[in-house]
Amino acid sequence: MLRILHTADLHLDTPFTGSGLDRERVTQRRADLITVFRRIIELARERDVHALLIAGDLFEEDYVTSATLQLVFGLIAGLAPTPVFISPGNHDPCHDGSPWQLESLPPNLHLFSQQSPTTIALPEHGFAVHGLGFRAPHVTGQLWKGFAVPTSCAGLVNIILTHGAVREAEEGRAAKYLPIDPADLNAGGADYVALGHYHTGFTVLEDRFTHSIRAAYPGAPEPLRAGRSGDHGVLLLAIDAAARTCTAERIVTQQRRYRRLELDLTGLDAGAIDAVIIRAVRDPELAGALVEMRLFGRIPPGIHIRAQDYQDAAQGLFSFLLIDDTAPDFDLESIAGEETARGAFVRMLREQMAAAEGTEKEMLEDALWLGLDAFDGRAVEEVLP
Amino acid sequence: MRIDRLDLTGFGRFSGRSIAFGPGFNLVHGPNEAGKSTLLSFIELMLYGAKKEGVGKRIFLPVHEQYQPWSGGAYAGRMLFTLADGRSLEITRNFDRERDELSLIDAVLGTEIEFPRDRRGEMLFARELLGMTRSVFLNTVMIPQMGLAEGIDDPDNELRQDLLKALAGGARDRSAASALSILNRALENIGRTDRGKRDALLRETIARLEEELKRARDHRIQLQMNRERARAIEADLERSTGLLAALQWQMATDRAAELEQRIVRARELAARIEEEAAAVEQYRPFREVDLRNADKPIGLEDQLQATRTAIAELEKKIADIENELRGNKEKVQELNAFRGLGPEAVTEMIELRAEWRAAQEAIVRVRGEVEGNLAKVREKQQRFSELETLFTALGDDAGLRLEELNRREAELTAELEGLTDRAGEQSSRQGPQRALSLAGGVVAIVSLIAAGALYGLDFLGVIEVGLLWAIPAGIGLIAALAALIFRGRGGALENSMREVTVIFEDTQEERKAVRKERATILSLASVKDYDAFIKQRMEYEGLRDSLADNAVLIQQKRLPHLEDELEKLRFQIVDRLKNVGITAPRDVPGDDEINRYIENVRTVQELEEKHHHKLESRDEWRAELGKRQTELDGFTRELQAIYRAAGCRNYADFVSRVEGRRAFDKHQANLDRQRDNLENLLHGATIESLEKEREAVRELIADLDQREKLAGPFNTSELEEAKQRTEALRQERDTLAGTIETMNRAARDPGLVEIELEAARVELERIARRRGALIIALETIEEAATRLHAGIAPLINENIGAYSAAITGGRYRDVKVDDSFTVRVRAPETDAVVPVHNLSAGARDQLFFAARLALSDALSHGRDPAPLLLDDSFVEYDAARAAEAIAALTRIAAGRQVILFTCHERERELARRQAGEGFREIDLAQEPDRA
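Quick mapping for you: the protein sequence lines, in order, are chains X and V.
Residues in the first sequence are numbered from 0 upward in steps of one, following numbering that gives the first Met the number 0.
Residues in the second sequence are numbered from 0 upward in steps of one, following numbering that gives the first Met the number 0.
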């Protein structure tokens, strides 16, 4: 029985831009990713796997540091003689001057640096890995089309390792990240296709009779942003070379959880709003999680909800990101009916908003609330949201 | 619209109180705190509700809290009012927070009336019926105390601000101007443009962070380059170290081999030194032997020995010669017969043999010649006989006859040729004549035959035939005639021909006879032609001459002579052979005998000659022998003398001593040389120190064997170069490692820079968005206000004159408000239009009042005019002005309901005096009406 550990999409040293995390927490999250990688190496050792497969996006090309590479390559070297196969993805393409050339690769690391199918056969282990790597951030060609396992590997367990997008190909959409038609994978004659790209794992091909898994995405072993449902981990594959069957065990590796909350504050006054938010962030289930809380609904004008007001309540969380989508509860219909400057103001802005979209519309909406607040005599909040 | 009655179920101090109003001038009187303001607020809240307007949620106005019923109970009330169209409506409200509700019914029909509601559920009936919002209502028809402008420097401005307030909407004390002021302050705070300090700071931060990010990435590239360089150096270093190790290994190996060789050599030398030292000791007793004459006996002994050898050799030679002489002598004796024959005997014998052979050959040759010649003579004689017979038969003139016949034949032949030519000429002339005559004859004959044949026909036939044949017959006859003519002319020619022919035939006959005769002669001579005949004749004559020659005879005569000569020679040879005992068989000497003779003669001669030489040699050797023996005696004597002098018994003893001395010297020299060699080999070291060094080198080799090395061979300069290169590479590696370490320490994490950059960009974007929103809000409010003003000002102007005339009793009729709400008035005294602030305070108040009313009309857009509600508006007026004001109200009340709330008796008295029919007075201090 061949034991293979399959992972992908570590995104080491990602700066978590757009996450709203501060520098300190980003540093911690990057350390989490290293911890996860250590855990994967430990798993490979504990489970005595025959190979570790990393299907791309091991790190972020633009941000990965030399120290991280040294650490990662050191951990891989420590796994020797177990071979580690890496197929570079769109975030860590292997080109001239790429970080892959920054540090010396350990001898047991097999890097698929060519952007065309290449075979590395290990007959002594009874398997062969066929892979390719991104040479640029975008790969539009269907590079696996027409691939067939070489006849020289006929007696071995054949595994394809690649980073790529099957959904776009399935849906016939143009894909920039190596579109892969599952039918091509099915026709190639491989026993298992180790994929990477999507951060939520799923099975792509499964034998309808034996339920043997033929192709799968393991997903990111650590969630990188909110909205990724389910646990994150790696796939431990057990491949029966004789029966040509493959079973997968999902092993959870994630260090943190993301939780997204949505609160409707409509009808609440300032006090009630505070109470609702504080009660939500103090939920014991959120302890240690990265919480993203979206507030929406109509709230009394003049109330400004700020995340820093709830930092004390959110101390038990890893991070607390507040997204305020509430709107001041002005009766715009009523105001627009006024034969006053305010009425005219509302009418004019609503006309403009009807014709605008995107950022312009948002700015017009901001202007509307600011103007109405000002008509009400409320000073404009100086602290920006 | 007019208010008919207020029912205050529970509102502030009022509980269950009803107040009815008349359609005209109403005066509500009561002392301070009697509830005038409460009633005003009650009216406002009954019309517009207690909740904040313009917001989606039920937020109550501050005033709502203020008028909670003092006595508890329901916070509610009712108001009856009548519209201009005569409809009477009843609004009922519950102000309680939890039971906030209202109902509007037709007071006559009792049916509920519905108007649009806002999101709070507030029915907007007042706005619909009066055409004005709460703000306009409060700022126009609800008139506070006037005359406050007295103390303000710019009353016009105050008025304008009041007007603007009325137009602004919102709370009682808010306006577009204050909104603009708030927004402007906010804009000031974040900067009006993106060139402000805050933006600049952020942009600087962004630029710095971008630069930092770029540096971080460049740094990584630089680091990458340095690492590649470091790897290259490591590879170089590895190669160089390998080379160095190989070189060191090779040098060490060489050194070890050298040491090994030196140690072995040193040991050998040491052993030899020991041997030589022992030998020196062995030969030390001969150290004092004098070697000055050491070689002399040896030479003498050698010479002595050589002389002895030479004597022995000479004696042997002499003996050999004598033996040989004896052998020769015996041989000569065997060939005694040949003794005395000199070399000339051999020569003579050889010549004799040659002559004898020549004679033999000559005889044979002559015999052959004779025989050959005899045969030829016989043949010639035969031929001669034949020819002689022939020529005898032919006669001697046969040849001449033949010659003549030949000549005659030639003449006849020439003659015949001339005759032939002549005959040919005549024949060529005779041919045409014959042909023509033959043709003419043929024609004439044919014509005659034809004519003769036709004579048998009838006459006509004759005619016809004659006609037909006359022409050809005529032609034939002419031709025949011509032929006859020519024939005559050719007769002479033909005769000539005939003569020639006869001559020709005669000549031919003669030639035939000649030829026959000649052929006969030739046949007899058996030759074919004349030339052969001549040749045969000459042969005949030749033979005749030849046979006459006597050569054969001469030769035949010579033979006996030759044979005699040969016999003579044979005798000579045989005789000579016999003389030496050689007998030729049949007395004919053969080569063997002759050769034996010659050889034996020569042998004897050679032996005798050799014998002579040997004798000479023997004598020479004997002489030499004697000389040697003399020398031998000399040497022997000399040696004896030397041995005696050296105290030696004999040569062996002498040699032994000399050799002992020489062995001593040799071994001593060897000992010294080996010691020098060892010293040179060790160079001050010892064998033990060399062995130690060898062990150290072997350990180094063992250590180097563990390392990876390149293949040699190398030399010392390469080693030195490799050392320098390795050292240089190590230094470069260390320097680069230091650089990389420094770079690593100085490196900024691009990810962390990116986070800071993102934060700064988001901040800048937010500021920009906020600024944009503020600017949009400001511009929109200004635009809204301007539009509103521009639309309202003309409407105000429509009524302000009438109101002004009514209020001022006709004093100011011409009043105008411009777009900026600046009020101007035509002063009746000067007829000049002046700003309102040029007027007296009273006049300004009156005009302000008029402007408010005009504004309320303008904003109500022609709907029901709202009742005027005055809250002690004239309290600051003096009596006269108050009277004027009350008079004005009385006038206004003729057209719309006026409710004046006051606590002053003066106003009540003025109203009672001035107000006419319809005046209604409500005294709050009295028992209230019960609802």
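For the record, the hints were derived by calculation from the structure and aren't laboratory data.
Glycine is no exception: its CB is placed at the ideal position from the N, C-alpha and C atoms.
Hints are supplied without guarantee of correctness; some may be wrong.
[Stated by the list, open to error] Cβ pair distances, simulated, as ranges:
| no. | chain 1 | residue 1 | chain 2 | residue 2 | range |
| --- | --- | --- | --- | --- | --- |
| 1 | V | Glu782 | X | Gly296 | 22 to 32 angstroms |
| 2 | X | Gly296 | V | Phe114 | 55 to 65 angstroms |
| 3 | V | Glu210 | X | Asp311 | 50 to 60 angstroms |
| 4 | V | Glu210 | X | Gly315 | 47 to 57 angstroms |
| 5 | V | Glu97 | X | Asp311 | 46 to 56 angstroms |
| 6 | V | Glu210 | X | Asp323 | 25 to 35 angstroms |
Could you tell me which of the hints above the structure violates, numbers in ascending order?
2, 3, 4 and 5
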